[in-house]
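Residue numbers (my numbering), protein chains in the order written: chain W, 660 to 998; chain D, 660 to 998.
It is worth saying that the hints were derived from the structure and are not from the lab.
Any given hint could turn out to be false.
Note: identical chains are not told apart, hence a pair may lie in one copy or across any two.
[To be verified] Taking lysine-lysine pairs in the DSS-like style, the calculated list, with each CA pair at most 27 Å apart, reads:
#1 K919 to K679
#2 K919 to K933
#3 K933 to K909
#4 K738 to K926
#5 K933 to K860
#6 K679 to K738
#7 K933 to K986
#8 K926 to K909
All figures in this text were calculated on a predicted structure; none of them were measured in a lab.
There are 2 protein chains.
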Amino acid sequence: MYTLAVDAMGGDFAPEITVKGCLEALRAFDDIRIRLFGREEEIRPHLSGEEYDAARLEILDARDVITNDEAPMLAVRHKTDSSLVRAAMDVRQGNADALISAGSTGAVLACGMLRIGRIAGVDRPALAAIVPTAAGVPAVIVDAGANVDCRPEYLLRFAQMGDIYARQVLGIQNPRVGLLNIGEEEEKGCQLTKATHELLKTAKLNFTGNVEARGVLNGGADVFVCDGYHGNLVIKASEGAIAALFTMLKRELTSTFVSKVGAALSKPAFRRVKRRMNVNEVGGGPMLGVRGAVVKAHGNSTSHAFFCCLRQARQMAAGQVVEIIEKLDEQIEGGNENV
Amino acid sequence: MYTLAVDAMGGDFAPEITVKGCLEALRAFDDIRIRLFGREEEIRPHLSGEEYDAARLEILDARDVITNDEAPMLAVRHKTDSSLVRAAMDVRQGNADALISAGSTGAVLACGMLRIGRIAGVDRPALAAIVPTAAGVPAVIVDAGANVDCRPEYLLRFAQMGDIYARQVLGIQNPRVGLLNIGEEEEKGCQLTKATHELLKTAKLNFTGNVEARGVLNGGADVFVCDGYHGNLVIKASEGAIAALFTMLKRELTSTFVSKVGAALSKPAFRRVKRRMNVNEVGGGPMLGVRGAVVKAHGNSTSHAFFCCLRQARQMAAGQVVEIIEKLDEQIEGGNENV
Chain W
660 MYTLAVDAMG GDFAPEITVK GCLEALRAFD DIRIRLFGRE EEIRPHLSGE EYDAARLEIL
720 DARDVITNDE APMLAVRHKT DSSLVRAAMD VRQGNADALI SAGSTGAVLA CGMLRIGRIA
780 GVDRPALAAI VPTAAGVPAV IVDAGANVDC RPEYLLRFAQ MGDIYARQVL GIQNPRVGLL
840 NIGEEEEKGC QLTKATHELL KTAKLNFTGN VEARGVLNGG ADVFVCDGYH GNLVIKASEG
900 AIAALFTMLK RELTSTFVSK VGAALSKPAF RRVKRRMNVN EVGGGPMLGV RGAVVKAHGN
960 STSHAFFCCL RQARQMAAGQ VVEIIEKLDE QIEGGNENV
Chain D
660 MYTLAVDAMG GDFAPEITVK GCLEALRAFD DIRIRLFGRE EEIRPHLSGE EYDAARLEIL
720 DARDVITNDE APMLAVRHKT DSSLVRAAMD VRQGNADALI SAGSTGAVLA CGMLRIGRIA
780 GVDRPALAAI VPTAAGVPAV IVDAGANVDC RPEYLLRFAQ MGDIYARQVL GIQNPRVGLL
840 NIGEEEEKGC QLTKATHELL KTAKLNFTGN VEARGVLNGG ADVFVCDGYH GNLVIKASEG
900 AIAALFTMLK RELTSTFVSK VGAALSKPAF RRVKRRMNVN EVGGGPMLGV RGAVVKAHGN
960 STSHAFFCCL RQARQMAAGQ VVEIIEKLDE QIEGGNENV
C-alpha cells in the first residue's frame with residue numbers, strides 16, 4: 660500500500676481538479692491511500708455524490724494556502740498550516756511516501772529542500788521533466804529548471820538520478836544517458852559541458868555522449884543531462900515551436916474550402932497527435948534527490964492530468980526511486996572508481 | 660551596384676547549387692555583380708546553356724577547397740588559395756561588399772575573424788540566425804552559436820547589432836529587443852542574464868525585458884539576445900520539435916483511410932505551412948561585427964536557398980549594416996550614457 664500526501668489547494672483550479680484527480684486515482688489503483696490536505700469545507704462539496712473507497716481517503720484540514728505570488732522560501736518557512744507544507748511534513752514524518760502538488764514550482768521545490776530534506780550526498784536536488792517523444796517512449800530531462808549556474812558534479816548526480824528514474828518508473832532497461840550539447844563531437848560545448856563530459860565518460864552509466872537539442876523530442880537519448888537553465892530553454896522552445904506550428908496549421912487549414920474538408924477528415928489524426936504530445940499524460944515534474952517522492956503537477960492541470968501525477972508518484976514509490984538514490988553513494992564507496 | 664564574393668565550392672552540393680543560385684540572383688537583381696571563386700573547370704559546365712548577364716559574373720579560379728572535416732582556424736590560415744579564403748580576401752581588399760558561403764560554419768567564422776577582420780569595438784562578432792515566426796515577421800536570434808561562455812558586454816553588443824540588422828534588413832521600425840531567459844520576471848535567470856539585464860535596461864534600445872524561449876517562433880520579440888550556447892540550444896530544440904510533430908502527423912494521417920483522404924485534401928495547406936516555416940526563405944546566418952557583410956548558407960542548401968542568401972547579403976550591403984555597426988562606438992562616445 661502506497662500513501663500519497665496531496666496538496667488539495669495548489670494550482671489554478673484547486674480544489675476541484677485535485678479532488679477529482681484523487682477520486683480517479685482511488686478508482687484506478689486499490690493499493691493507494693490518499694491523505695488530502697486543505698480546507699475541508701472547500702474539499703467536501705467535490706466529494707458529495709461521488710463513488711469511491713472512503714476508507715482510503717483521509718481529509719486533513721489545513722487552513723492556509725501558498726499562492727504563486729509569494730516568495731517561496733519565506734512562504735514555506737512561515738505558512739506552517741498551509742496545505743503544501745502540511746503535506747510535505749507528512750512525508751517527512753513518514754506518514755506518506757509521496758507529495759503531489761500543482762502549486763507554485765518555487766514553493767514545491769522549497770518544500771522539498773526545507774521540509775522533506777535532501778538525501779545525503781545530493782547537493783542539489785533536481786526537478787526533472789518527462790517529455791513525450793516521436794519515438795513513443797518518454798524521455799527524462801534533468802535538470803529542467805531547479806538549478807541554474809550548475810557545476811559539473813551536480814550534472815553527474817542529475818545523470819545518476821535521471822537514470823534511476825528512467826529504469827524504475829519508465830521501465831527502460833539500460834537508459835541511454837546523453838549530455839545535452841550544441842554538437843555531438845566530444846570537444847563541443849561550453850565550459851560546463853566540457854567538464855561534465857569528462858565526468859560522465861567514466862561514470863557507471865550507459866553514457867552515449869553529447870546529444871543535440873534536436874534529439875529531445877525525437878528519442879535521441881532516454882535521459883538528457885543539463886543545467887536547469889539549459890533544460891528549461893529547451894523545453895520552452897519545444898513547446899513554443901509546437902504551438903507556432905499548430906497556430907499556422909490551423910490558419911492554413913481553414914483558409915480554403917477544400918482544406919477545411921481535409922481538416923475535418925483529418926481531425927481524429929490530429930487529436931491522436933495532440934494526445935501523444937500531451938505532456939500531461941506522462942505526469943508532472945518529479946523532484947529527485949529529496950527524501951520522498953515529490954511530483955510537481957502543472958498549475959493548470961485538469962483532473963485527469965492531476966491523476967497522471969498521482970499515478971506517477973505511486974510508480975516512484977513502487978519503484979523505490981528515493982531508496983535507490985539514497986544508496987548511490989554506497990555503491991560508489993563500494994568500488995565505483997568514478998567520483 | 661553591390662558586389663558579392665561567392666564561395667562556389669562550399670556546401671554539400673557545390674558547385675552546382677551555388678552556381679545556379681548565382682544565376683537566379685543575377686536574373687532577379689540588376690544591381691549586383693558576382694565574383695565567383697572556385698575551380699573554373701567545375702563551375703563552367705553549370706553555366707553552359709544558361710541565360711544570364713555574363714558581364715556581371717566573373718569567375719576567379721581558386722584551386723583549393725576547405726572541407727567540413729578540417730580544423731577551421733588552421734585551414735583558413737593555410738589554404739590561401741581556397742575558394743572561401745580567396746572570397747573573404749576579396750571583401751577585405753574592398754573588391755566586394757559581401758561574402759556568401761555554404762561551407763563549414765567554423766571556417767566561415769574563422770574567415771570573418773582572420774581574413775575580413777573585426778570591426779573596432781566588437782570583441783566578439785556574432786553569428787545570428789533569422790527564424791520565421793507564426794506572427795509572419797522573421798525574428799533575429801543573436802548569438803546563435805559563434806560564442807559560448809559569453810560575458811554581459813558581449814551580449815550588449817549582440818543586442819545592438821541585432822537591432823541594426825532588424826531595422827536595415829528586415830525593415831522593422833523599432834525592433835523589440837528581448838533577453839532570452841527562463842522567466843519574464845527581471846530577477847529570473849542565470850548569472851549571465853541577470854548582469855546582461857542591467858546593461859540592456861539602460862542601453863539605447865527598445866529593450867522589452869526578458870522573453871522566454873516559448874516566444875521565439877511566436878513573435879515574442881524581434882531580436883532575441885543570448886549567449887551562443889543558449890541560442891543554439893533553442894534553435895535546435897525548435898527544429899527538433901517541428902520535425903517530431905511532422906513525423907507524428909505523417910504517421911497518424913496515413914493510419915486510416917479517412918485521414919488519408921483528409922491529408923490529401925489538406926496537402927496544399929501543409930505545403931504552405933512548410934514553406935512559411937522554411938528557414939531557407941529568410942536566408943542564412945548573417946555574421947555581424949566584421950568588416951563586410953557575411954552570410955553563412957546552410958550546408959545542404961538548394962540553389963533557391965543559396966539564392967536567398969545572396970539576396971540577404973545584397974540587403975545587408977544596401978542597408979549598410981556594416982557601416983552602421985562601425986559607427987556604434989561613435990554614437991556612444993557622442994553622448995550615449997549607457998556604456
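Cross-check of the supplied hints:
For the homomeric pair K919 and K679, neither the shortest alpha-carbon distance inside one copy (36 Å) nor that between copies (38 Å) is at most 27 Å. Taking the shortest Cα distances, K919 and K933 sit within 27 Å of each other both inside one copy (19 Å) and across copies (18 Å). Proximity of K933 and K909 under a CA criterion of 27 Å is satisfied in both settings, with 13 Å inside one chain copy and 13 Å between copies. In this assembly of identical chains, K738 and K926 lie within 27 Å of each other by CA distance neither inside one copy nor across copies; the values are 47 Å within and 56 Å between.
For the homomeric pair K933 and K860, neither the shortest alpha-carbon distance inside one copy (37 Å) nor that between copies (39 Å) is at most 27 Å. In this assembly of identical chains, K679 and K738 lie within 27 Å of each other by CA distance solely inside one copy; the values are 25 Å within and 69 Å between copies. In this homomeric assembly, K933 and K986 never come within 27 Å of each other (Cα to Cα): the closest approach is 39 Å inside a single copy and 50 Å across copies. In this assembly of identical chains, K926 and K909 lie within 27 Å of each other by CA distance both inside one copy and across copies; the values are 11 Å within and 13 Å between.
Hint check: violations occur at hints 1, 4, 5, 7; the rest are consistent with the structure.
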